[in-house]
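Using the sequences and the hints, build the whole thing.
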Amino acid sequence: MPPSRPWGHCVRPTDHRPDVRAPSPSGRARHVRSATSDQRGHPTADRKPTVCVVGQGYVGLSVAAAAATAGLRVHGVDRDVERVRALAAGRLAVPAVDEPTFALAVETGRLTFGTEAEVASEADVTLICVPTPVVDHRPDLSAVEAAAAAVAPHLRPGALVILESTTYPGTTEEIVTPLLERGGLRTGHDLLVAYSPERIDPGNRKYGLANTPRIVAGVTPEAAEAAADFYARITDEVHILSSCRAAELAKLLENTFRMVNIALVNELATVCAEQGIAVWEVIEAAATKPFGFMAFQPGPGVGGHCIPLDPQYLAWQSRHATGRRFRLLELAQDINIDMPVYVANRIGEALNAHSLAVRGADVLALGVTYKPDVGDLRESAAVQVLRRLLRNGAKVRFHDPFVDRLKLDGTVLERSAVNDAALLAADCVALLTPHGTYDIEQIVACSRLLFDARNATGRLRAGGTCLDRVVVL
Numbered sequence: 005m006p007p008s009r010p011w012g013h014c015v016r017p018t019d020h021r022p023d024v025r026a027p028s029p030s031g032r033a034r035h036v037r038s039a040t041s042d043q044r045g046h047p048t049a050d051r052k053p054t055v056c057v058v059g060q061g062y063v064g065l066s067v068a069a070a071a072a073t074a075g076l077r078v079h080g081v082d083r084d085v086e087r088v089r090a091l092a093a094g095r096l097a098v099p100a101v102d103e104p105t106f107a108l109a110v111e112t113g114r115l116t117f118g119t120e121a122e123v124a125s126e127a128d129v130t131l132i133c134v135p136t137p138v139v140d141h142r143p144d145l146s147a148v149e150a151a152a153a154a155v156a157p158h159l160r161p162g163a164l165v166i167l168e169s170t171t172y173p174g175t176t177e178e179i180v181t182p183l184l185e186r187g188g189l190r191t192g193h194d195l196l197v198a199y200s201p202e203r204i205d206p207g208n209r210k211y212g213l214a215n216t217p218r219i220v221a222g223v224t225p226e227a228a229e230a231a232a233d234f235y236a237r238i239t240d241e242v243h244i245l246s247s248c249r250a251a252e253l254a255k256l257l258e259n260t261f262r263m264v265n266i267a268l269v270n271e272l273a274t275v276c277a278e279q280g281i282a283v284w285e286v287i288e289a290a291a292t293k294p295f296g297f298m299a300f301q302p303g304p305g306v307g308g309h310c311i312p313l314d315p316q317y318l319a320w321q322s323r324h325a326t327g328r329r330f331r332l333l334e335l336a337q338d339i340n341i342d343m344p345v346y347v348a349n350r351i352g353e354a355l356n357a358h359s360l361a362v363r364g365a366d367v368l369a370l371g372v373t374y375k376p377d378v379g380d381l382r383e384s385a386a387v388q389v390l391r392r393l394l395r396n397g398a399k400v401r402f403h404d405p406f407v408d409r410l411k412l413d414g415t416v417l418e419r420s421a422v423n424d425a426a427l428l429a430a431d432c433v434a435l436l437t438p439h440g441t442y443d444i445e446q447i448v449a450c451s452r453l454l455f456d457a458r459n460a461t462g463r464l465r466a467g468g469t470c471l472d473r474v475v476v477l
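Taken in order, the sequence shown gives residues 5 to 477; the numbers are from my numbering.
One thing to keep in mind: the hints can contain errors.
What the hints assert, rightly or not - Quick list of in silico lysine to aspartate or glutamate cross-link-like pairs, EDC-like style, CA-CA up to 16 Å:
1. K210 x D102
2. K411 x E383
3. K52 x E126
4. K399 x E418
5. K399 x D431
6. K399 x D366
Since the hints were made in silico from the structure, they are not lab data.
Spelled out as structure tokens, the structure:
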């Protein structure tokens with residue numbers, strides 16, 4: 005018998021919510037039209053589901069806050085006691101989460117926090133949003149396994165469990181589902197299991213959780229429909245795929261595509277530098293073509309929790325499942341891994357050109373997080389540049405509006421101000437992560453030597469400003 009649905013129903017074209025259709029027989033995903041923002045989260049007939057979100061990092065907290073502001077009752081679960089205490093007190097203790105949405109969710113009183121998974125017994129929908137790191141080039145699903153095992157005994161008949169964590173094909177069906185079924189429920193009978201990968205881009209002011217389309221898939225068709233029904237409440241657009249494996253691989257493709265293209269322009273940057281060609285001019289020129297080209301920008305490497313790690317899942321899964329190496333992916337990873345060393349060497353060359361040695365040079369690094377306007381140091385390529393400069397003997401200071409303290413290889417770096425005196429005192433200012441708060445004109449005017457790793461000075465050059473003391477990647 006089909007699984008029971010204690011809340012909601014399959015969304016039909018006559019509903020005042022997205023038109024959710026099952027995937028076509030060919031396996032192609034079906035487009036789902038959206039409801040208006042006023043209608044989202046305010047269904048006219050069915051009861052609003054109660055939600056449990058396991059994992060209160062930036063992914064879990066973002067979706068928990070969105071669901072609460074959409075009118076749903078949400079309980080966030082995390083093992084970090086201090087984080088839970090801070091969130092329960094209304095303090096945003098997680099970087100890259102939209103602060104206004106979080107504040108509104110807390111204000112509604114519909115968002116609560118705790119450390120125990122037993123609360124899943126009260127939930128119609130349970131989301132698993134926990135980290136999936138890579139250890140020794142192998143996927144580490146221990147957090148996913150622990151979360152699934154923790155909620156399994158508490159799920160009630162008809163519950164929907166959705167995995168959002170990025171992972172390799174087969175995880176939802178072969179690892180998560182069996183763990184959930186240990187609680188006594190069965191898929192296809194009284195348990196719905198689905199997969200919907202998170203697609204949050206920290207710091208992106210144009211695309212957030214609501215206006216970034218969702219892809220969903222279920223272990224059963226009923227699970228896919230139920231997941232689409234849930235996400236239709238908080239997301240403008242939902243696409244149902246034919247299988248969880250397809251959805252899992254789609255997420256890996258998204259981030260691998262980005263990583264490979266970043267590697268391409270990083271390699272291009274090294275080739276251009278050796279020939280005296282401005283790589284940024286080349287990329288901007290190619291981008292004038294209105295079709296067949298998508299611009300990516302070089303830099304000191306890749307960082308964050310997604311781009312450096314997710315492709316390793318795909319490389320591992322390819323070797324494990326097929327015995328084939330994903331050669332292009334592996335080469336791209338090698339190129340990006342080498343970039344911090346290359347950037348540090350370029351900074352050394354710039355110092356040498358001004359009759360200064362790297363050893364003993366005073367280098368002021370501006371921006372150490374992995375991307376502009378995001379307070380996240382995970383896998384930051386900028387940090388790797390500083391580590392290399394320290395090993396080369398440079399005296400390194402740093403400034404970052406999001407980072408108060410930075411310790412590398414046992415050395416606590418001096419945190420500098422960003423003012424005329426601090427800039428003038430440095431032998432070289434290395435602009436690694438150009439946060440929006442930085443005054444680029446001031447930095448250019450007051451730096452005796454500036455290394456620009458992100459083309460932050462491009463507009464000044466285009467405006468005719470003389471930048472004879474600026475070296476651009």
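Original post:
Taking each numbered hint in turn, which are not upheld by the structure, reported in ascending numerical order?
Top reply: none
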